[in-house]
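Visitor: In case you want the letters, here they are:
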Amino acid sequence: KQEVTQIPAALSVPEGENLVLNCSFTDSAIYNLQWFRQDPGKGLTSLLLIQSSQREQTSGRLNASLDKSSGRSTLYIAASQPGDSATYLCAVRLDSNTGKLIFGQGTTLQVKP
Amino acid sequence: DGGITQSPKYLFRKEGQNVTLSCEQNLNHDAMYWYRQDPGQGLRLIYYSQIVNDFQKGDIAEGYSVSREKKESFPLTVTSAQKNPTAFYLCASNSLAHFSNQPQHFGDGTRLSIL
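Going down the list, the sequences are from chains G and Z. Taking this note's numbering, I'd label the letters of the first sequence as residues 1402 to 1514. Taking this note's numbering, I'd label the letters of the second sequence as residues 16 to 130.
Bound-form chain G, shown alone (with noise of 0.2 Å):
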């Protein structure tokens, strides 16, 4: 059964610094991988997708990098800023016939001023 992990739980850095958010999973037949944000409160938005044939994809400052056969995913966000606070999750879809997603239990990210 495939099961997603995220670590930390929590994060707190001074604004300005490069961080890195972690996901694994157990099966390696993924798929694709994909990253959301979710504000408190709030669904969640949708920042990267990325193909099990791809190695990674970048948007803006955020950059995410998949290692299928270690079953490792990386989430790189560049100068954090205030406004990155958030909760993020990362979710692989195991197969092309449906949409069904497994989720980590997410990082909850402070960026202080």
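In short, the hints are calculated from the structure, not lab data. One or more hints might be untrue.
To be verified - Mimicking SDA-like on lysine to any residue, the simulated pairs with C-alpha atoms at most 20 Å apart in a straight line are:
1) G:Lys1501 to Z:Phe70
2) G:Lys1501 to Z:Asn116
3) G:Lys1443 to Z:Gly18
4) G:Lys1501 to Z:Gln71
To be verified - Pulled a few chain Z residues facing chain G out of the computed Cβ check, cut under 10 Å:
5) Lys24
6) Gly31
7) Tyr48
8) Leu58
9) Arg59
10) Gln71
11) Gly73
12) Phe103
13) Ala107
14) Ser108
15) Asn109
16) Phe121
17) Gly122
18) Asp123
Just so it is clear, the structure is predicted and the values come from calculations on it, not from any experiment. The beta-carbon is built from N, C-alpha and C at its ideal position, and this holds for glycine as well.
Assemble the complex: chain G is given as a structure, and chain Z must be docked to it using the hints.
Guide: Chain Z in isolation, oriented as in the chain G frame:
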């Protein structure tokens, strides 16, 4: 603007009562999903539907029911059989076309509590 609308934002349930959460999308997406989120936890799949008049159980379907009579609507009923319904409920959708390139879109959620 296209998106997913969930209502109500807050809902309270009495013992023995069934309640229904609404989810409407105007993105013309084929697939719709219901997730449950507990504090400090990730999302767990309750039900999903890939086409009108068809739906499948997710990992935690017991105590819940759904219907998909229209493409744009996927209501979730939390029945009295669900003994621990207090949670944040999220509805999502995506297109089946170019499936692999499309992330799921989410509504803003409904927070359900027991009175």
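Visitor: Could you tell me which of the hints above the structure violates, numbers in ascending order?
Guide: 6
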